[in-house]
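A.B. asks: In order, the protein sequence lines correspond to chains A and B.
Numbering-wise (this note's numbering), the first sequence opens with residue -11 and increments by one.
Numbering-wise (this note's numbering), the second sequence opens with residue -11 and increments by one.
Don't read these hints as lab results, they were simulated from the structure.
This structure is a prediction, so every number in the text was calculated from the model and none was measured.
Every residue gets a Cβ at the ideal spot worked out from N, C-alpha and C, and that includes glycine.
Keep in mind that the hints are not guaranteed to be accurate.
Said to hold, decoys possible - If you want the ones that stay clear, here's a sample from chain A, every Cβ over 10 Å from chain B, calculated:
hint, residue
1, Asp1
2, Ser10
3, Ser31
4, Glu52
5, Ser53
6, Gln147
7, Ile164
8, Leu166
9, Ser168
10, Phe173
11, Gly177
12, Val186
13, Thr188
14, Ala190
As the list claims (entries may be wrong) - Facing chain B, from chain A, some residues (calculated, C-beta under 7 Å):
hint, residue
15, Leu29
16, Asp47
17, Val50
There are 2 protein chains.
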Amino acid sequence: MSRLRFKISMSLDGFVAGPSQSVDDPLGIGGMRLHEWVFNLVSWRAQHGLEGGEVTASDSVVGESVTNIGATVMGRNMFGGHPGPWRATEPWTGWWGSNPPFHHPVFVLTRYAREPLELEGGTSFTFVTDGPEAALEQARRAAGEQDISLAGGANAARQYLTAGLVDEMEINLVPILLGSGERLFDGVGDDLHRLELVRTVATPNVTHLKFARR
Amino acid sequence: MSRLRFKISMSLDGFVAGPSQSVDDPLGIGGMRLHEWVFNLVSWRAQHGLEGGEVTASDSVVGESVTNIGATVMGRNMFGGHPGPWRATEPWTGWWGSNPPFHHPVFVLTRYAREPLELEGGTSFTFVTDGPEAALEQARRAAGEQDISLAGGANAARQYLTAGLVDEMEINLVPILLGSGERLFDGVGDDLHRLELVRTVATPNVTHLKFARR
Chain A
-11 MSRLRFKISM SLDGFVAGPS QSVDDPLGIG GMRLHEWVFN LVSWRAQHGL
39 EGGEVTASDS VVGESVTNIG ATVMGRNMFG GHPGPWRATE PWTGWWGSNP
89 PFHHPVFVLT RYAREPLELE GGTSFTFVTD GPEAALEQAR RAAGEQDISL
139 AGGANAARQY LTAGLVDEME INLVPILLGS GERLFDGVGD DLHRLELVRT
189 VATPNVTHLK FARR
Chain B
-11 MSRLRFKISM SLDGFVAGPS QSVDDPLGIG GMRLHEWVFN LVSWRAQHGL
39 EGGEVTASDS VVGESVTNIG ATVMGRNMFG GHPGPWRATE PWTGWWGSNP
89 PFHHPVFVLT RYAREPLELE GGTSFTFVTD GPEAALEQAR RAAGEQDISL
139 AGGANAARQY LTAGLVDEME INLVPILLGS GERLFDGVGD DLHRLELVRT
189 VATPNVTHLK FARR
């Protein structure tokens, strides 16, 4: 059966975004520091049409994380746009332009109903108003034999973690402090629902901690 | 010059002790889960007169952490006993009995003055009321060419981290959630004061993240 897979970059003090997140600054103040390790990877740069960069042990981890994904679930905050009901004219269509990098069906958790969006390159956005389990169920049907990516943000991730629905979690632990912002595990409690550390990949800039149900 | 070295076990969600710490339960509820990785090491068991256990990559990390230490600084909470002024009769003399495992001078941060204690095996406890820098200065004189161990607890560690006085920090990251309790980095801010990740040792039960000033 397809597995729900989740990856996120987290600071040593547990933050996955800086304070004061907004449409103009979706990562929050200092939040970009969580992602610097990825921007210099050959694999990331090639994906984005850039030359150069470094080959590190992170390349294969990142490569693995985007392989065999047939559908994505994400929270409204990750999809972005202004909070509250969708605007009737020129509604927000995501951060990713007319040809988003998913190339498969994406299911967005929201309290506000909306018609699905069909964009270029095989990406669709379906808006699900009846909760994370319903969104996962729809994603499972769309993914077929492949896995499902839980793309975030932190609030959606917490809902799936708390419900014990995450099958695989890759924490990219960045050896910095953010000091404030949004914590991944706030309110999740003390139960990882049988997610165990199954692999550690160490680099100077990031430690990849892979958890899975054994 | 002697270096101030600090090691601590921390959960994936950033806690170094569980909730409801007390004299009877100094690690707080669930806090013992942070230390299970160590109790099964051959080296730890041998130190405590026990046979058996496992040899893992953690053994050398633990061995290194207790080598070349000439003095220790710790907070009042780590030294233990009831909070507030020292009792006049039968005052608290620490958790460690008449022959504590330090075997060198220990400097305890406290707001309450008290005569030094000389115990067996070379361990003394000196109570320092004029702040963490003064305690470190005294420890430096006592340590000579050797290093100084910052033994905790979290509150004392935060004071030294915030002041930028820590030269080496080993985070033993335990792949569990505690959900609540005492966070190591609460209020420390976003500045590691040039402490950088210099070594990662991975095992299934703990990830040792060593930080040092390059």
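A.B. asks: Please go over all the hints and tell whether each is borne out by the structure.
C.D. replies: How the hints compare with the structure:
The Cβ of A:Asp1 sits about 4 Å from the closest Cβ of chain B, inside the 10 Å cut-off, so the non-interface label is violated. With a minimum CB-CB distance of about 19 Å to chain B, A:Ser10 clears the 10 Å threshold, and the non-interface call stands. Every C-beta of chain B lies more than 10 Å from that of A:Ser31, the closest at about 21 Å, which supports listing it as non-interface. The non-interface label for A:Glu52 is consistent with chain B: the shortest C-beta to C-beta separation is roughly 17 Å, beyond 10 Å.
With a least beta-carbon separation of about 18 Å from chain B, A:Ser53 lies farther than 10 Å from that chain, consistent with its non-interface assignment. The non-interface label for A:Gln147 is consistent with chain B: the shortest C-beta to C-beta separation is roughly 15 Å, beyond 10 Å. In this structure A:Ile164 is not separated from chain B by more than 10 Å, as the shortest Cβ-Cβ distance comes to only about 7 Å. A beta-carbon of chain B is positioned within 10 Å of the beta-carbon of A:Leu166; the least distance is around 5 Å.
With a closest Cβ-Cβ approach of about 8 Å to chain B, A:Ser168 is found to fall inside the 10 Å limit, against its non-interface label. Taking the minimum C-beta to C-beta distance to chain B, about 4 Å, the non-interface status of A:Phe173 is violated against the 10 Å cut. The Cβ of A:Gly177 does not lie farther than 10 Å from every Cβ of chain B; its closest approach is about 5 Å, which violates its non-interface assignment. Separation of A:Val186 from chain B is inadequate, the least Cβ-Cβ distance of about 8 Å not exceeding the 10 Å criterion.
A:Thr188, annotated as away from the interface, has a beta carbon of chain B within 10 Å; the closest lies near 3 Å. Not every Cβ of chain B is farther than 10 Å from the Cβ of A:Ala190; the closest lies at roughly 3 Å, contradicting the non-interface assignment. For A:Leu29, the interface hint is violated, the least distance from its beta-carbon to any beta-carbon of chain B being 17 Å, above 7 Å. Checking A:Asp47 against chain B: minimum C-beta separation of about 17 Å lies over 7 Å; hint violated.
Hint status for A:Val50: violated, given a least beta-carbon distance of 18 Å to chain B, over 7 Å.
Comparing the model with each numbered hint stated earlier shows that hints 1, 7, 8, 9, 10, 11, 12, 13, 14, 15, 16, 17 do not hold.
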